[in-house]
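Asks: Could you put the whole structure together from the sequences, leaning on the hints where they help?
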Amino acid sequence: MDGSTIFMKDTMSDSVPLGELLITRGLLQQKQLDTALDLQKKWGTRLGDILLSKGWVRAQDFYLTLAIQYQKPFVDLFKERPDKALWKDDELTRYTELLVLPLRKMDGGILFAVADPTPAVFEYMDEHSDGLYDYVITSRFDIIWSAQNEADQHFSDRAVNELARQQPVNSAGQVFTRAQLFWIFGLLSVLIVSATFWPIATLVLANVFISLFMLLNFGLRMLFAWVGSHAKIDVKVTDEEVRAINDHDLPFYTVLVPMYKEPSVLPIITESLRNIDYPLSKLDIKLILEEDDEETIAAAKNLDLESMFEIIRVPVSLPKTKPKACNYALSFARGELVTIYDAEDKPERDQLKKAVIAFRKAPENTAVIQARLNYFNANENWLTRMFTLEYSLWFDFYLPALEALKIPIPLGGTSNHFKLRILKKVNAWDPYNVTEDADLGVRLTQLNYHVGVVNSTTYEEATNRFGNWIRQRSRWIKGYMQTYLVHMRHPVRLYRSLGHVGFWGFQFFIGGAVLSCLLAPLLYLTYFGWLYTQTHVLDVIFPSIILYASLFSLLLGNGLLIYLSTLCVFKRHLYHLIPWALTVPVYWLMMSIAAYKALWQLIHKPFYWEKTTHGLTNFLHVDPREKKDQADV
Amino acid sequence: MKVNRQRADFAWLLLFGVLLTGFCVWLTGNNFSHEMALRDWVKVLGVLDADPFRLENLGLDTPHLPLYLLMPFAWLSPDAQGVAPYLLSSLLIALLLTVWNHQLRHQEFALWQRFLLLMLVLFQAPLLWAATTGGHIALTLLIFYFVYLACLRMNFQADLRSFIMLGLLLGLLFFVDAVALFIFIALFPFFALIAPRRIFLEAPLSVYIVICIPLGVAVLTWAYLGWVFEGGPGHFIRQPGSTFLGAWQHAADSPWLIQYGGQWFAPLAAAFMLLLVYFPIVFLLLALAAKHKDHLKVSLALMSVPLIAIAFATSKFYLERPVELLALVMVAVMAELSIIRTRKGWTFPAVVLLLVAGGASGWHNFLQTPDPVVRDWQNALFSRLNNTHTADVALGQFLFRQQGEVLIDDFTAYRVIAAYGNTEKMALPRSDLFKLQVRRQVPDIDYIVVPDPRVGQGDWDRINKHFPDLYRSGMKDYQQVYDYQGWRVFKHVDG
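Chains as they are written, first to last, in the numbering used here: chain A, 1 to 633; chain B, 634 to 1128.
Hints in this document: simulated from the structure, not taken from any laboratory. Mixed in with the good hints, there may be bad ones.
Stated by the list, open to error - In silico DSSO-like cross-links for lysine-lysine, where the CA-CA straight-line distance does not exceed 27 Å: (1) A/419 <-> A/41; (2) A/320 <-> A/597; (3) B/635 <-> A/406; (4) A/424 <-> A/406; (5) B/635 <-> A/232; (6) A/406 <-> A/232.
Replies: Here it is as structure tokens:
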């Protein structure tokens, strides 16, 4: 390599086209090239991206050929390590975005390692070297690996601490603030004193509060179900709109897939993503694996995945949570939009396109679009049926109603589609919150961003074992508790940012969900205790109005909430689940068990991420729409 | 524009309200009274005057929602309070007509056409009866209007909201009128026709479950409350005098039940004949609905519901007079007119003609009915009725002049209490004072009122049940101070 020669312009103008070069070198067939050129016209991306995404050329061979085309040396960054002293911390994200790294100094200038020599990259190199630079070609994998290797502390620190640094008030790193502890202990003290000196009045007052809460909770859920049942609320993006969209106009999409100790489901998710209806060359898929998860890393390497898949190794650090891992991976995201899928997820094939269209139709300040979640193994056992009913009610009724009523939407764990620049601007997910998605939804709303929903479904595996379910549910409820505590640190500020409807919606939908799970066993205990003993001791704490409210909640409230569970299957035509909905009170009891476990963990292990085991089902997923198409045929 | 429409709707409501209220005032001014209306009003007085306030004192032998709606009327002047149930029923029918008028706008009728239709419907005998007799049927008609539309919508649009509406309305109806169960039973077999075919074929059981759950919850709730407050879940269908039993206990007073009680096909046929007489327009509407196969199918099913309900209720000795359930057909006609285009061509004159014809023949039939209550109503249209309950009124006035608390059963003495005007000094059966007194061998209260146990419902009187010899032989420490036409009052004397 001639270190004295500095090139400042594109040197490939006289070179052989890349495709021809690959054919000449025996790395590509003519037929493949013809197909790739057709796709290039359709997708509007570069030939190289298409070839790599299709896996028709190995990455190493491709970049070597690229180096030949650009008449530049090819460098293996495993062997020739970059000079880290040239790196700037605040430029690290740009390096991974543009796939460029300062390699070393030379002849008064800087030699860069480049994987993607675009005009933007040349401009960057020019800007960051005072005009004196040269470059060598390397592979994308080398850039990503080097960046992680040399700067993992920086990326880790950002992933863990950036939100706490920029918005300490919104970090769940501190479970209870001093003010909250003061209020909690103060309230408890007042209650104890009151109960000592005025026991009956205190109990009556507590009963009044509980009765009122239950009535409002019930009323709100009926309202959400009514609003969510409106036919117009359903379809945001039609199939015709999806068919009409031009692949050329689609943006680059980053797909984050965090996993931990799930080597068996890896082939399934990668296959799902390959089959997604989106230009493969516009996909930037990150398989986010913990550094100590050697099993899954090895499985990923063995799959010999196409270049659109990248393995992001997250260094071991605390807290060891999914949001932390996603924050880490976000530093390497290159798409305009970004979404998350769990390892067992099976999104509908056109979900990404629907999300793109939904964003285009949504207000400009829309930060995220939430797709619907449901389960493909609904019929496996009683638990999966209940889970399906619950999710159907939540995603098909409540979330669209929340959007229509302008109440903060607690995002679901996956299939949230973000605008990357906004996500980075709000410092992404809280690594300390075990329901980081719910928290982010509220935070975005507070910052005047809009959260929308789209009529596309991702099918997941419903956990089919009680123990697994309790672990998962207790984590979710703990996360809701965290979310509530974080956003109620400054209730007046929250009220001002969310408005009246949003504020009270938040109280009942987040706080109320937790409170009702905690209260339910106490109320049932009281009721069944009375039923068994027929005691009159409790009469004094149930004055007439409270008695009527309690009877209403017990009888009509519970009855109609069971009724809601029967209705929620309509949108998905899962009518066979309706008789099972009559057993939903048992499911509610399980939620209460999980809630108490969550409360215990909130105090003792607030950041502990209780991993849900997946891959336990024997059910296979078939996209219901494909099933319908086959049936129609 | 929305505000203007709301103002117009309010104006119509006012118009109908004034018309029907005027009618009610005229009837009650001529001494017409309906037993159910009086009973309801006395129950409401009993709860409002009691201390502490307890809703359960309304009893569970009658649906509560109309009673709750009566409570605000307690703020009327004492003289006007007696008309409260009639005012309520007239307001509810006024509301029904206003809602219908609002929906007729979509048919783009001219104002004069709408006015004509409204007046023709208003002056149909069954609707006027429902509006002016203070019973629960007025609210039932209002709810059935929405039930009808929900059924049509469910079939035409397979809309989830229509399932929700239908289920909730049927559940709500149970808290309005005991006849809800008969309407539901009549409607039940037709769910297979009304539900969207695709959904029904896919999951028939699920369709039934979704529609029936709210009513099931309502019935279970009532049974549970009966167990809590009255000692047994079946109380509401076993308690003598319960409205859930209908006319069962005084079937002998009902000419309809004398003729058809306990039968099924005969009252069904009779109901069909009544349909021909009162509502010949039904056949025109069905013919117009026949343009769409599904519409005809659903409308035919729904129009049959009142007839089947009449037949079933008669077979169980529940229904005293068929005209009350026949009014459901009027509501069905109103619902159909709000969706079938009849504005243009020959259809509008045909509609008017058939409404006029049905109105005339309906009135003719109505005026011929041997039902004594209906006859009273008719006579009160033209002249003042003689007060046939002078004994009750006299007792009420007597008690009004006394000082002290009175042990009295509102089930038998409701007219007495109505004449008295309030229940402030009265120990009624659900009060703690009443329960305490009847447990004693000799009560300790100022006055005890008992009817003759040998006459009418006197043997159902709860005081007579606890003290069976009181009317005939008196009681220690008590002196008889009043005896008139089957009523005796005993006053507590010291020593």
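Asks: Give a verdict on every hint.
Replies: Hints versus structure:
no. : hint            : verdict
1   : A/419 <-> A/41  : holds (26 Å)
2   : A/320 <-> A/597 : holds (20 Å)
3   : B/635 <-> A/406 : holds (23 Å)
4   : A/424 <-> A/406 : holds (24 Å)
5   : B/635 <-> A/232 : holds (21 Å)
6   : A/406 <-> A/232 : holds (16 Å)
Comparing the model with each numbered hint stated earlier shows that all of them hold.
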